[in-house]
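**Q** Below, each chain spelled out in residue letters.
2 protein chains.
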Amino acid sequence: MLASIAHRVPPLDYGPWEQVAATLTEGLVARGHDVTLFATADSTTSARLHAQAPAGYEEDPTVDAKVSEALHIAAVFERAAQFDVISNQFDFLPLAFSRLVGTPVVTTVHGFSSERIVPVYRAYDDVVHYVSISDADRHPDLHYAATIHHGIEVDRFSAGDGQGGHLLFLGRIHPDKGTATAIEVARRAGLPLVIAGPVQDEEYFRRAVAPAIDGSAVRYVGPVGPQERDRLLGGALALLHPIDFDEPFGLSVAESLVTGTPVIAHARGSMPELVRPGVSGHLVDGIDEAVRAVAAVHRIDRAACRADAIARFSADTMVDAYEHLFREVVAGRVPAAGR
Amino acid sequence: MLASIAHRVPPLDYGPWEQVAATLTEGLVARGHDVTLFATADSTTSARLHAQAPAGYEEDPTVDAKVSEALHIAAVFERAAQFDVISNQFDFLPLAFSRLVGTPVVTTVHGFSSERIVPVYRAYDDVVHYVSISDADRHPDLHYAATIHHGIEVDRFSAGDGQGGHLLFLGRIHPDKGTATAIEVARRAGLPLVIAGPVQDEEYFRRAVAPAIDGSAVRYVGPVGPQERDRLLGGALALLHPIDFDEPFGLSVAESLVTGTPVIAHARGSMPELVRPGVSGHLVDGIDEAVRAVAAVHRIDRAACRADAIARFSADTMVDAYEHLFREVVAGRVPAAGR
Numbered sequence: 001m002l003a004s005i006a007h008r009v010p011p012l013d014y015g016p017w018e019q020v021a022a023t024l025t026e027g028l029v030a031r032g033h034d035v036t037l038f039a040t041a042d043s044t045t046s047a048r049l050h051a052q053a054p055a056g057y058e059e060d061p062t063v064d065a066k067v068s069e070a071l072h073i074a075a076v077f078e079r080a081a082q083f084d085v086i087s088n089q090f091d092f093l094p095l096a097f098s099r100l101v102g103t104p105v106v107t108t109v110h111g112f113s114s115e116r117i118v119p120v121y122r123a124y125d126d127v128v129h130y131v132s133i134s135d136a137d138r139h140p141d142l143h144y145a146a147t148i149h150h151g152i153e154v155d156r157f158s159a160g161d162g163q164g165g166h167l168l169f170l171g172r173i174h175p176d177k178g179t180a181t182a183i184e185v186a187r188r189a190g191l192p193l194v195i196a197g198p199v200q201d202e203e204y205f206r207r208a209v210a211p212a213i214d215g216s217a218v219r220y221v222g223p224v225g226p227q228e229r230d231r232l233l234g235g236a237l238a239l240l241h242p243i244d245f246d247e248p249f250g251l252s253v254a255e256s257l258v259t260g261t262p263v264i265a266h267a268r269g270s271m272p273e274l275v276r277p278g279v280s281g282h283l284v285d286g287i288d289e290a291v292r293a294v295a296a297v298h299r300i301d302r303a304a305c306r307a308d309a310i311a312r313f314s315a316d317t318m319v320d321a322y323e324h325l326f327r328e329v330v331a332g333r334v335p336a337a338g339r
Numbered sequence: 001m002l003a004s005i006a007h008r009v010p011p012l013d014y015g016p017w018e019q020v021a022a023t024l025t026e027g028l029v030a031r032g033h034d035v036t037l038f039a040t041a042d043s044t045t046s047a048r049l050h051a052q053a054p055a056g057y058e059e060d061p062t063v064d065a066k067v068s069e070a071l072h073i074a075a076v077f078e079r080a081a082q083f084d085v086i087s088n089q090f091d092f093l094p095l096a097f098s099r100l101v102g103t104p105v106v107t108t109v110h111g112f113s114s115e116r117i118v119p120v121y122r123a124y125d126d127v128v129h130y131v132s133i134s135d136a137d138r139h140p141d142l143h144y145a146a147t148i149h150h151g152i153e154v155d156r157f158s159a160g161d162g163q164g165g166h167l168l169f170l171g172r173i174h175p176d177k178g179t180a181t182a183i184e185v186a187r188r189a190g191l192p193l194v195i196a197g198p199v200q201d202e203e204y205f206r207r208a209v210a211p212a213i214d215g216s217a218v219r220y221v222g223p224v225g226p227q228e229r230d231r232l233l234g235g236a237l238a239l240l241h242p243i244d245f246d247e248p249f250g251l252s253v254a255e256s257l258v259t260g261t262p263v264i265a266h267a268r269g270s271m272p273e274l275v276r277p278g279v280s281g282h283l284v285d286g287i288d289e290a291v292r293a294v295a296a297v298h299r300i301d302r303a304a305c306r307a308d309a310i311a312r313f314s315a316d317t318m319v320d321a322y323e324h325l326f327r328e329v330v331a332g333r334v335p336a337a338g339r
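Those protein sequence lines, which keep their order, are chains F and Z. Count the first sequence with the UniProt record's numbering and you get residues 1 to 339, in order. Count the second sequence with the UniProt record's numbering and you get residues 1 to 339, in order.
Simulated from the structure, these hints should not be mistaken for laboratory data. Note that the structure is predicted; figures quoted are calculated from it, not measured. Glycine is no exception: its CB is placed at the ideal position from the N, C-alpha and C atoms. Be aware that one or more of the hints could be misleading.
[As the list claims (entries may be wrong)] Distance ranges between label pairs, derived from CB positions:
#1 Z:F245 <-> F:G190: 32 to 40 angstroms
#2 F:D13 <-> Z:A30: 58 to 66 angstroms
#3 Z:E328 <-> F:V127: 34 to 42 angstroms
[Claimed, not checked] Covered stretches of chain Z (in silico footprint by chain F; criterion: 3 or more residues with CB under 8 angstroms from a CB of chain F, positions within the stretch not fixed):
#4 70–80
#5 132–139
#6 154–164
#7 210–218
Kindly produce the complete structure, drawing on both the sequences and the hints.
**A** Take a look at the structure:
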């Protein structure tokens, strides 16, 4: 299991790629598989841990990210013969090593940060097995072995009652995520908004978010770890997710649904695969529709929302799907596209 | 031959790593070796050219540098069995691939941009053969197979007469290179200064360089290609090289010496290996000493300066040294440190 090393595994607060690597690793170990997790040295896991980097490069200014990545990825491929399959949760750089070893590589594509990174995926389409994290995120030039939605460790998220009375924004503070749109929706709905997540775009935060923060109508609580996420999500009337990009998957959306808190999301990217209108939230287009959806959100049955989410986005569901795929790949029943 | 792909090979103007790859490749081909140059598609070479990237990532905004690098490096290592030896002129990322192939890798360390990149060199010290580009640049933690100074294609640099009457600054506009110091030295020496090279630090350029540019006492001509370099260097009274860092090698210094133009340099990094005081210039400490050295520079014999430089920094000298090293490595007579 080749994890991203921007953060430790599992992440203390932000780090969706590392969270997925953690959830998948724990699930596979629980099923009796012999897993080696390649991650930062401060990671915690039931698997065997192999670490090159002492800590995540986003958290440790003394390391050079590129150096750390090179050593980390090389460590897996230099030991490839020890493994039946390499699960790559890292991004594209490991692809460049994949023709140099005999072990099959299954790469989870956590999203295309830009069309400029597609050439390297295209170059290894014939040898690497790709997993898309939503049907919406599939690139037309690539062949995929499966779509596997991210799964949540559902027992870490309790059934919430929405009694906090707030709307919630949970994610990176960035124009893509629509933080300022969420502020406007909450203002017009006349409800308090809690904003949680790391600031990724400082200029956007200063210009479009910070001026609205007053500690009551709009509160900013920074990045939040698992317990605080559970509390904030479960207490929310709804999660606002007015994204301005085609998000490949929204881990915070799935987490919200598992607590029973409905999600009001822009109908872009993977959102139609995550939110079932009228059952677990609403898909909207713009601020007016979002405000109307907030007014109607009390009609969503939180228990039904949670039940639906557990059926579709539990860790068990995800681990089942990966376990099946890994077995098929190891047995040679899933040839890579060009083979 | 694995070249850097920031620029084409040879570079049109700036690009010392690519220039060294070009000079070494041409020299080896001229000696009858079968060389494949891995470089950008717009490169020109007498060798067989293998290109992944259409153009240098510093010159083509449509490519992602990291993607381009990954595809470029993988292309060499996926074909490693075809080669007796891989000459890595790229930097550290290829090291991470080196244990996955049987072909020996000789890595020219073009300098350590930061102490934070040393760990990856340390991790491959036992398998990769390192070449330092000056004795001064050797890192105490690493083992080296040789020090090989860069060589210049001396017939591309004519004997200059210094009749331009100017002092010259040639290199990146960056505090490390001491552009502002050169301006002050020229002002106090009462001589015109020509500044040539790309702006690497925009803020430094605006603050410390641009205000002095008046088109006569101080002229800025931007990055310059081979012919213009030859003309500017040969016409200069002296090259000012008041570096503020331990420069691993100064290609522009060697070029200047080959035209017969003496160099006045801060006595740091590789400068004591390049400049022979009284023969080919002066090593100084600070502005006062530099101004005194300018006043004395007419006593340097330009013909002797050029002859000394050709003996020590010709392409032939460099290619001899690499050819010898490659033969020894291929014959197994230079084991890597840990073997």
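**Q** What are the numbers of the hints that this structure violates, sorted from low to high?
**A** 1, 5, 6, 7
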